[in-house]
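Protein chains in written order, with the working numbering: chain A, 1 to 143; chain B, 144 to 335.
Rather than coming from a laboratory, the hints here were simulated on the basis of the structure.
For glycine and all other residues, C-beta sits at the position ideal for the given N, C-alpha and C.
Hints may be right or wrong, so weigh each one.
Claimed, not checked - No farther apart than 20 Å at their CA atoms in a straight line, the calculated lysine to aspartate or glutamate pairs in the EDC-like style are these:
1. A:LYS101 <-> A:GLU136
2. A:LYS101 <-> A:GLU73
3. A:LYS101 <-> A:GLU71
4. A:LYS2 <-> B:ASP157
5. A:LYS2 <-> B:GLU162
6. A:LYS2 <-> B:GLU153
Claimed, not checked - Residues from chain A shown here face chain B by an in silico Cβ test under 7 Å; the list is partial:
7. ILE11
8. GLU40
9. TYR95
Each chain is listed here by its residues.
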Amino acid sequence: MKRSRLAHAFIVSFLLVQLLLPLRGLLTPSSRTGEEFIREFSWNMYAYSLQAVFRYRLVQQDGTTLRVDVERELNVPREFFRVIRRDRLARFHAYLCDHLKQRGVEGRLLANVRTSPRASASRRLVQRGVDVCTAENFGVAAE
Amino acid sequence: MASRARRWLERWGDFWFAEGNTLALGLFRALFAFALFLEVPVSLERNRFAIEGGFHLPYLSWIEPVSPGVFWALHALQYPFILLLGVGLLSRLSCGALLGLQGYIFFSDQLNFRNHPYFFLLLLLLLMISPCDEALSLRALLRGLRARRLGRAIACAAAPLTAQRLISCRSAWSTCTRRSRSSTRSSSAAGS
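Produce the entire structure from the sequences given, and follow the hints as far as they go.
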């Protein structure tokens, strides 16, 4: 690499990106839902504890309740825990609702999604008792 | 103040563009190629869900899930470029091609994210702009043979150490930001 303005610009850009991306995880308060543990591009290479409840059930018009095994039905990969984030859950719910609609399954889809990092008190990510397919932001609760 | 800034800029330039022997970089290139070779079947297995339907979360909305044939091809095509990189021939082209192939797989789904494929992408970028095939390479061998045939002296390869220094800085920073905890990851996702 020859000494040039372009080379200097590349070096500075590269270092800035590599410095700034991991800082997001380091600066996030540990009281958050555990989302800070799954920050990508931050070199978070560690084992951590994240208890997650990720349950969905469909309440049909006749009152019967069906369990929706999302992992098996949607072939969600083993890294499904990466979906359990407020900025991604809404998209997952949109997909889930569309998938059920295409299968002709009707009813109210209720979700129980909670996380508790490092065995702390669990925090709910989805509003309780709402149909996620019709709720605002697909039922994902604001922080 | 201005002279201090100028001195600082000179030191900055001297650090990043200092010249040195490229032997270590050549060795790194060869070993890295071996690591890439080992990673291909791992990627084929771990990213298989990307072609099996289901929920996808691409980094860019226009990146579509690929068909099984294309998915297999994206992995199989890496081998010849890994070989070229390992022996140190057409290294820049090989790094660029591998960057494209692995980059597409990596960025096709956010659920794909793992740290070391990201690390490999960064290394490929840095090796692509570096003189990594100046030493311990087929290219260096061919150059040496040509020089001998023409009766010229074979010069030791010396080049700016920019790429090596960037790799060192990046590795040091990731070591600093890495967290280590003793507990294990667990989750309960049973339907009820």
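Going through the hints against the structure:
no.	hint	in the structure
1	A:LYS101 <-> A:GLU136	holds, 18 Å
2	A:LYS101 <-> A:GLU73	holds, 14 Å
3	A:LYS101 <-> A:GLU71	holds, 18 Å
4	A:LYS2 <-> B:ASP157	holds, 12 Å
5	A:LYS2 <-> B:GLU162	holds, 11 Å
6	A:LYS2 <-> B:GLU153	holds, 15 Å
7	ILE11	holds, 6 Å
8	GLU40	holds, 5 Å
9	TYR95	holds, 5 Å
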